[in-house]
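A.B. asks: Assemble chain B onto chain A, guided by the hints.
Listed below, chain by chain, are the residues.
2 protein chains.
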Amino acid sequence: MARRAAAGLLRRHLGPLAAGETLQARGMYPKQYGAANHAFSRFYSIQGQQRSLYGFRTNVETDDTQQSARMNFEVQKRSFSSAAAHVQRNPAYSVLNSDDVSYFKSILGESGVVQDQDRVAVANMDWMGKYKGSSQLLLLPKSTAEVSKILSYCNSRRLAVVPQGGNTGLVGGSVPVYDEVNGILTCEAGCVLENLSSYVENKGFIMPLDLGAKGSCHIGGNISTNAGGLRFIRYGSLHGSVLGLEVVLADGTVLDMLTTLRKDNTGYDLKHLFIGSEGSLGIVTKIAILTPAKLPSTNVAFLSCNDYISCQKLLLAARRSLGEILSAFEFMDRHCINLAMKYLEGVHNPLPVSPYNFYVLIETTGSDESYDKAKLEAFLLRSMEDGLVADGVIAQDISQASNFWRIREGISEASVKVGAVYKYDLSIPVEKLYDIVEEMRSRVGDMGQVLGYGHLGDGNLHLNILSTKYSDKMLAQIEPFVYEWTSKQRGSISAEHGLGLMKAEKIHYSKSSEAVQLMASIKKLLDPNSILNPYKVLPQSVLFQKPRVTVIFKAIQDKII
Amino acid sequence: MARRAAAGLLRRHLGPLAAGETLQARGMYPKQYGAANHAFSRFYSIQGQQRSLYGFRTNVETDDTQQSARMNFEVQKRSFSSAAAHVQRNPAYSVLNSDDVSYFKSILGESGVVQDQDRVAVANMDWMGKYKGSSQLLLLPKSTAEVSKILSYCNSRRLAVVPQGGNTGLVGGSVPVYDEVNGILTCEAGCVLENLSSYVENKGFIMPLDLGAKGSCHIGGNISTNAGGLRFIRYGSLHGSVLGLEVVLADGTVLDMLTTLRKDNTGYDLKHLFIGSEGSLGIVTKIAILTPAKLPSTNVAFLSCNDYISCQKLLLAARRSLGEILSAFEFMDRHCINLAMKYLEGVHNPLPVSPYNFYVLIETTGSDESYDKAKLEAFLLRSMEDGLVADGVIAQDISQASNFWRIREGISEASVKVGAVYKYDLSIPVEKLYDIVEEMRSRVGDMGQVLGYGHLGDGNLHLNILSTKYSDKMLAQIEPFVYEWTSKQRGSISAEHGLGLMKAEKIHYSKSSEAVQLMASIKKLLDPNSILNPYKVLPQSVLFQKPRVTVIFKAIQDKII
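Residue numbers (the working numbering), protein chains in the order written: chain A, 1 to 561; chain B, 562 to 1122.
For reference, chain A alone in the conformation it holds in the complex (with noise of 0.2 Å):
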């Protein structure tokens, strides 16, 4: 394309976003559309409207019916994936019996402590529906105090504890404490993400991340997820953001690290271990956090290219030129875009119909919307001279910018009206991230349709292979090839969504031996009989493996000395 008619065509789509609404606009998209994308890792908070001040809830895990862990595990529907491993009940865990819930109900009270089954079986379900748990009893705790009696008394017990949180609503007494000098917000676990995001944005100051279920998300669940989400690009992981946190331990142990200080060297900075080890080294109860100011200006292009190497390109360029007001870098191939266009409704392509491999979405977010929009500008011309860029619009008003983001938070929606989706969450390195696509696509032909799409700027690819149906045949045709090929490449086989029931077997493809170790004796540490959230994260065999004679003998030999 010459020089001119780039420079014409990129011209004629543009046009000024209002300063100050588009912030406000794309908080909107997350909650109306985006949860299928960006809650996945939420897998423990969804169903319900229980409420609680600390809005998680203890399943103590039962055997009352004689129904096996198999049975109540397996799987209901073979979608999104991997089918998890059936697990075999642990006998090492007690059997619940009735002076367990007189106990809790002496803590909680009656209030407290839910036996009827409807609200139980809401609590046992995970939010897709693939996932059935066992617990038979559902505790809801409003204090650490609480939470710190009902797991010294499990662990003495032995009885296993599976922490929720997610969909219990903000109660009166929990509000959080802001400080406004230091910009650090201080909250129970409870909080909903989104009630915590207004808190902070009336004050000027924004969440470090948003995502999709931030209407129905707890805080406690994000840091203890490790969330990723949208502002990932710009504001960075949770262990960058968070200050400090409370935990109460799995022999009830409060373990108070809840400083607000944004440097603290002083011992081991123990609060990162309990970020993203969703909940089986212990249960956040409370967080303080840093928030970055809020920012009035938000731009959002839409942009085509023509092959993969010029979006790595592109996005090489927009780190450099647009540099401090980068927010978001997304790509979807063209699969994607068809998708989207035929499945979801109201939504239009921006750019004219072409045979264009790829898009992306940049979004900026500045403090002076004039300044923004003209760098916006000037970057995408640049772009499409150099030829990174084949066309491109910046939206011009808030209902094109959330079309932008509609198209590319619809993508998950749209997959599940095709049939069958099987879904995968990697980190890949930038320059081989499109390749497993196209892998892919060739593995599994005319069975099935392959998308791929992200958050390029964090080379986190969401791999879709859909189908009308499931099948064994491809299933065998994906797995363990994905996990395998990622391995290879040094990625990581869960980028945001960890690892939960579906993959702790399979953690051995990201982690090396010696540290699965490494981790399961910190698990052995912080929870020796392993209450928390069982049969999640780490391999059964190697939690449950006998000792090593060394360990003993040290043990003993330290005990004479």
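Please note: incorrect hints may appear among the correct ones.
[To be verified] Dumping the calculated DSBU-like pairs for lysine-lysine here, alpha-carbon to alpha-carbon at most 30 Å:
#1 A/K506 x A/K524
#2 A/K524 x B/K710
#3 A/K488 x B/K764
#4 B/K855 x A/K313
#5 A/K149 x A/K132
#6 B/K1067 x A/K524
#7 A/K149 x A/K524
#8 B/K1049 x A/K149
#9 A/K432 x B/K855
#10 B/K855 x B/K764
#11 A/K524 x B/K1085
#12 A/K488 x B/K710
#13 A/K149 x A/K105
#14 B/K1034 x B/K903
#15 A/K149 x B/K1085
#16 B/K1085 x B/K693
#17 B/K693 x B/K978
#18 B/K993 x A/K294
#19 B/K1049 x A/K203
#20 B/K1049 x B/K1067
#21 B/K855 x A/K294
#22 B/K993 x A/K203
#23 B/K874 x A/K203
#24 B/K764 x A/K313
#25 B/K1085 x A/K506
#26 A/K473 x A/K432
#27 B/K1067 x B/K978
#28 B/K764 x A/K432
[What the hints assert, rightly or not] Ranges between beta-carbon positions, derived for each pair:
#29 A/S156 x B/N651: 31 to 41 Å
#30 A/A374 x B/K978: 45 to 55 Å
#31 B/S1073 x A/S513: 29 to 39 Å
#32 A/R382 x B/S960: 27 to 37 Å
[Stated by the list, open to error] Under 8 Å between C-beta atoms, here's a sample of chain B residues computed to sit facing chain A:
#33 V742
#34 N743
#35 G828
#36 S988
#37 V991
#38 S1055
#39 K1072
#40 A1076
Worth flagging that the hints you see were computed from the coordinates, not collected in a lab. Ideal placement from N, C-alpha and C gives every residue a C-beta, glycine not left out.
C.D. replies: Then chain B, alone, in the frame of chain A:
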């Protein structure tokens, strides 16, 4: 000050700063002058000219001369705050013998095993001349495999090891790998920070950290001490920037966590244990780190405020108005300025002499020179109109910018010239941060001069108490008051300098006993013979207490099962 007058006065000082040059110019100060302030945490990284691929030394502690550790570890001068704890040598450690030396030579060759007393003496002394170690052997491993063999041997023999880096040059073979698309640098621990900075700056990126000691400190030491430094306010902690590590554990196990992924939620994020653990849990051998894009435009303003509350309000306003371009917010009280003017050569106060109580240095870094400067000017004018700023100048050229930074970074250098300096590095919530300075001033009265300055944007106060000579009476006025006061505010007694030997026994001022117990448990898990960096970070009492009976019972029980 009337609205017009304020604007006029400020305008008088305004002037442009050449784009592109300032960033480089800024890089000069830390190298030339900043070491005294920022290199404090790099206690093992100063002396000598030894070259090693991995850039750390393994000092095997010995007792050949029958000198007690008490003598060897005794404080050389009672400078820079409290005396170090007098350490009793732990008899559990073995004494080095000639077989050990032969073994090390078989691994490292003659040149890798240093017994020369002068060379060993250099490695035994910290850069301030305050602490002297008792090691008698210096080992210079060149690869991860050699480190692994050394540690495996020392662990089996119970020989204590002091990991050391920082004073060895970058050798040709140790070329870092840079991934420009993803902006990720992978390198060996022995790379000098300044060399890495130059390396990535040539590619259009910067290191996420910068500090005074950058010309000599090693990236491995930076990670192990969780170095803060000058870019902290903008790019945050190393916990957010470090993507992967390779670490050798005490028993020689090589723990490969060297991923180059921005997102990876597969199991516990173990690397954080080693960031800031001061070499006491393992030896960092390789690093993958995220590098931000290099921004061409830097502006520096030097301002005065009448009171501390104005400094606080100014910080809040700067966060909101300067948003994404704010890269430093440093403050100094007038005692600091007076001292700098008196003792630093070639430095002048850019503001008219007047009774201002506080001074603030604000730096912005962005991608557009004219826009950034206009924004900073507008912000400063507004702040003067609001009465937050009494007077101020924006640097008009590199020379002015240098002068502004030289004042701030020269305070530590100027302090030393008075005679005796008691130095503290505290994290305190910003609104309380200056209270300790005033309380200290009333405590020491005529005995000394109290300076308060630091990274206000990070809540990090450098508190210096100056006197003509050291005295126990003065120390008694300062300690334990300073620790107790900080503890009461839930502050940190070591914001960026670590605990080392000096504050190992003082950790309880900043961490709960449950947290310290858990740190000790993790230390015992990773380094059961406590061979790594002995006597440091954690109190000896928690490390060497008898194991509780329950723990032994648990291990024996496991064996029976």
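A.B. asks: Which hint numbers doesn't this structure obey?
C.D. replies: Violated: none.
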